[in-house]
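So the protein lines, in turn, are chains U and Y. Note that the working numbering has the first sequence beginning at 1, numbered continuously upward. Note that the working numbering has the second sequence beginning at 1, numbered continuously upward.
Hints were generated in silico from the structure; no laboratory data involved. No experiment lies behind these values; they were computed from the predicted model shown. Don't take each hint at face value.
Heads up, the list lumps identical chains together, so a pair's fine if it works in one copy or across two of them.
[Claimed, not checked] With a straight-line Cα cutoff of 25 Å, these simulated BS3-like cross-link-like pairs (lysine-lysine) come out:
1. LYS311 x LYS61
2. LYS277 x LYS209
3. LYS311 x LYS298
4. LYS311 x LYS56
5. LYS310 x LYS56
6. LYS402 x LYS166
7. LYS298 x LYS209
8. LYS156 x LYS274
9. LYS91 x LYS419
10. LYS61 x LYS298
Number of protein chains: 2
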Amino acid sequence: MSYKNLNNEELEKEYAAVKAEYDRLLSLGLNLDMSRGKPGFENADLSVDMLTNVSKDTGFKNRDGIDCRNYGGVDGIIEAKELFADVLGLKPEQIIVGGNSSLTLMYDVVSQAITHGLGAEPMYKCENRKFICLVPGYDRHFAITEHFGFELISVKIGENGPDMDKIEELVKDESVKGIWCVPKYSNPYGNSYSDEVVRRFANLKPAAKDFHLFWDNAYVVHDLYEDGDKILNIYDECVKAGNPDLPIIFASTSKITIPGDGIAAMAGSENIIKMLKSRLAFQTVGPDKINMLRHVRKFPNLESLLEQMKKHADIIRPKFETVFAAFEGELGGKDIATWTKPRGGYFISLFVMPGCAKRVHALCKEAGVVLTGAGASYPHGIDPDDSHLRIAPTYPTPENLKTAAGVLCTAVKLAALEKLTGRR
Amino acid sequence: MSYKNLNNEELEKEYAAVKAEYDRLLSLGLNLDMSRGKPGFENADLSVDMLTNVSKDTGFKNRDGIDCRNYGGVDGIIEAKELFADVLGLKPEQIIVGGNSSLTLMYDVVSQAITHGLGAEPMYKCENRKFICLVPGYDRHFAITEHFGFELISVKIGENGPDMDKIEELVKDESVKGIWCVPKYSNPYGNSYSDEVVRRFANLKPAAKDFHLFWDNAYVVHDLYEDGDKILNIYDECVKAGNPDLPIIFASTSKITIPGDGIAAMAGSENIIKMLKSRLAFQTVGPDKINMLRHVRKFPNLESLLEQMKKHADIIRPKFETVFAAFEGELGGKDIATWTKPRGGYFISLFVMPGCAKRVHALCKEAGVVLTGAGASYPHGIDPDDSHLRIAPTYPTPENLKTAAGVLCTAVKLAALEKLTGRR
Numbered sequence: 001m002s003y004k005n006l007n008n009e010e011l012e013k014e015y016a017a018v019k020a021e022y023d024r025l026l027s028l029g030l031n032l033d034m035s036r037g038k039p040g041f042e043n044a045d046l047s048v049d050m051l052t053n054v055s056k057d058t059g060f061k062n063r064d065g066i067d068c069r070n071y072g073g074v075d076g077i078i079e080a081k082e083l084f085a086d087v088l089g090l091k092p093e094q095i096i097v098g099g100n101s102s103l104t105l106m107y108d109v110v111s112q113a114i115t116h117g118l119g120a121e122p123m124y125k126c127e128n129r130k131f132i133c134l135v136p137g138y139d140r141h142f143a144i145t146e147h148f149g150f151e152l153i154s155v156k157i158g159e160n161g162p163d164m165d166k167i168e169e170l171v172k173d174e175s176v177k178g179i180w181c182v183p184k185y186s187n188p189y190g191n192s193y194s195d196e197v198v199r200r201f202a203n204l205k206p207a208a209k210d211f212h213l214f215w216d217n218a219y220v221v222h223d224l225y226e227d228g229d230k231i232l233n234i235y236d237e238c239v240k241a242g243n244p245d246l247p248i249i250f251a252s253t254s255k256i257t258i259p260g261d262g263i264a265a266m267a268g269s270e271n272i273i274k275m276l277k278s279r280l281a282f283q284t285v286g287p288d289k290i291n292m293l294r295h296v297r298k299f300p301n302l303e304s305l306l307e308q309m310k311k312h313a314d315i316i317r318p319k320f321e322t323v324f325a326a327f328e329g330e331l332g333g334k335d336i337a338t339w340t341k342p343r344g345g346y347f348i349s350l351f352v353m354p355g356c357a358k359r360v361h362a363l364c365k366e367a368g369v370v371l372t373g374a375g376a377s378y379p380h381g382i383d384p385d386d387s388h389l390r391i392a393p394t395y396p397t398p399e400n401l402k403t404a405a406g407v408l409c410t411a412v413k414l415a416a417l418e419k420l421t422g423r424r
Numbered sequence: 001m002s003y004k005n006l007n008n009e010e011l012e013k014e015y016a017a018v019k020a021e022y023d024r025l026l027s028l029g030l031n032l033d034m035s036r037g038k039p040g041f042e043n044a045d046l047s048v049d050m051l052t053n054v055s056k057d058t059g060f061k062n063r064d065g066i067d068c069r070n071y072g073g074v075d076g077i078i079e080a081k082e083l084f085a086d087v088l089g090l091k092p093e094q095i096i097v098g099g100n101s102s103l104t105l106m107y108d109v110v111s112q113a114i115t116h117g118l119g120a121e122p123m124y125k126c127e128n129r130k131f132i133c134l135v136p137g138y139d140r141h142f143a144i145t146e147h148f149g150f151e152l153i154s155v156k157i158g159e160n161g162p163d164m165d166k167i168e169e170l171v172k173d174e175s176v177k178g179i180w181c182v183p184k185y186s187n188p189y190g191n192s193y194s195d196e197v198v199r200r201f202a203n204l205k206p207a208a209k210d211f212h213l214f215w216d217n218a219y220v221v222h223d224l225y226e227d228g229d230k231i232l233n234i235y236d237e238c239v240k241a242g243n244p245d246l247p248i249i250f251a252s253t254s255k256i257t258i259p260g261d262g263i264a265a266m267a268g269s270e271n272i273i274k275m276l277k278s279r280l281a282f283q284t285v286g287p288d289k290i291n292m293l294r295h296v297r298k299f300p301n302l303e304s305l306l307e308q309m310k311k312h313a314d315i316i317r318p319k320f321e322t323v324f325a326a327f328e329g330e331l332g333g334k335d336i337a338t339w340t341k342p343r344g345g346y347f348i349s350l351f352v353m354p355g356c357a358k359r360v361h362a363l364c365k366e367a368g369v370v371l372t373g374a375g376a377s378y379p380h381g382i383d384p385d386d387s388h389l390r391i392a393p394t395y396p397t398p399e400n401l402k403t404a405a406g407v408l409c410t411a412v413k414l415a416a417l418e419k420l421t422g423r424r
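For reference, chain U alone in the conformation it holds in the complex (with noise of 0.2 Å):
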């Protein structure tokens, strides 16, 4: 039943309907949060055996004999550069593995942008300087970059990736100097790059010889199904187009082992590597080698981690497949809404009427469900056409999930009545 096929009486009696499960829903007195993605519990619970696995018995020396309770070792120990090497399709020599947080390294590198540049003069000397935003995308991205000066200039994504015309005739642009990328399962719209799109990337000829791809594969080993989506490896693409520091490629196991306690890693061409690793030595006497050292026990090899990501898949994947019944049960063939079905990463993107994501959100909030808020997933934390949702569902429980998601459903079809029949 598309709302767009109603009359106005129709409009007026599904309103009445859906106003009063609203009402009903907003007596329960629900709690209801839906707004980060962070893994749930029982998640983590799949490596807490890592926790305990360095120890007295088991000894504190990696395969090199370093024992790993003192400094040193700025770019990590070598089985965790391996391990990175593996998921990410590189060299052991192009990884630099840090401490819990790929955001910090991102952080990190943006920061020295501005400091020390990346391959030309420091960026404060840019006062115009841009970066590139796929939009929905990344809040922290955006954030980070916002708060080291740069303007934001937004460019949509759809199915296969991003606007890549758009991109290749911004890049043209000496003053653009970077775009925020999360190639496979792309936060929070879902989808991954297609070959076309990676190949694309790594034919840039950006005017800025200091612009880089900022590559956060974050959902590399994410897939909620056997059958995950490929990409292209974007160094190797990088290479054969002649752009081999191009990409500067980041990941954690924040979502494969415990979040906060995972490690980072930064990978990159020889040069990139060789850049960031000078500046890393002015900043730290040696990464915690002990976690690192608790992580490559747990993870002997890729294998052994990829088994971990389908025994995640297999607790998260009921979560996202409750989320899609509930918008196709009911928001399904009704014309106010459409959303994203990816098959892994952390968020589900949910486009609502135009004009309404807002009053969606705030629908969801009285009846003691939080959502992200509506524009995060836009430089500036605006939505232009005041339509995106970002769904996280992967921390609630599925029960509390399921009950979310209706409180969510009844919010969509109740902005868009209020906005058909006038009253918005």
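With chain U fixed as given, assemble chain Y onto it according to the hints.
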């Protein structure tokens, strides 16, 4: 037998004897390292129980009921703030607990100073920015400010702390933006600042309103003797002086628990903490709270931490005393060297005859004993007197240390005699 009182013939005789001894040492083919202030692994052994004290059996929640296996809490868990507050004599709300390295926190603050300022405009705009470095001092401090384009101004440190007359004069220059201080058992001099020095720091009236004391209280609880040095609380003194925002205070557990696997903190006034926290939000989704939990379970209160420090002292004190005994026995009364006798911390400063430090370093190296590079404790690695050597006695075993100290003393004598006999 002061070398000063020897005539040429006696000097030649002494030279021949010392040279013979040096040649004998050369023939031993030693391979010893006294180069950096690392704890030995017997120190780390005191904390290995901590590595398994957060587990499925013991649970993952802190006092507030936060399951530490997730993102969030950018400034650390409450118990960790309380522990550092007790260590530093501050309130928990004055503390931000971060990752594994206080050096990284210091680097971050200096980096922020450049990009966003520390209470005034971003410091990249101050092209002739300067930073005061106490000499001999900590090479990694100096390196950070050099990396960020500060001119480094050396001020000598002595028995009671730095030359405050000089500092009071220097801060009248608005381009002087800060000073590195290690107030207790200063690295590498080993002394602690007198009450008068701390008070004069607190009462500084810098021309730059964004001038700060970078107060690295690295050895705050690192006494070697029951009656450790006592220093005044810089924050309290700054409050009395009407300068509450002057100090930014740093500490870490690297040399309390396990180097590289500790937790670090920064502290200051409400204003300072508010500013630093607001920036932290861009940088991280949260620190490694599990490692904080390990620490606060290991040390539920200050007393338990101080008990651990006594055990550290029992390991380290004999090492310091081995070096003191070697210096006294081999160099005492010869008028060719002076040295500090710290009652805590990680370093001893050895001052050899001017123009001889590099030579001593080279002689030691040739004999298989690696010292910190001569000049390392001075900005840009240049000791204008070529006189200072930083001695790091904590890492070698006592036996190796005795051998290494013997080599060092022979090298000091040989270098002096080469000079006194006109050979160099």
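- Message: Going through the numbered hints above, which ones does this structure break? Give me the numbers in ascending order.
- Response: 6, 7, 8 and 9
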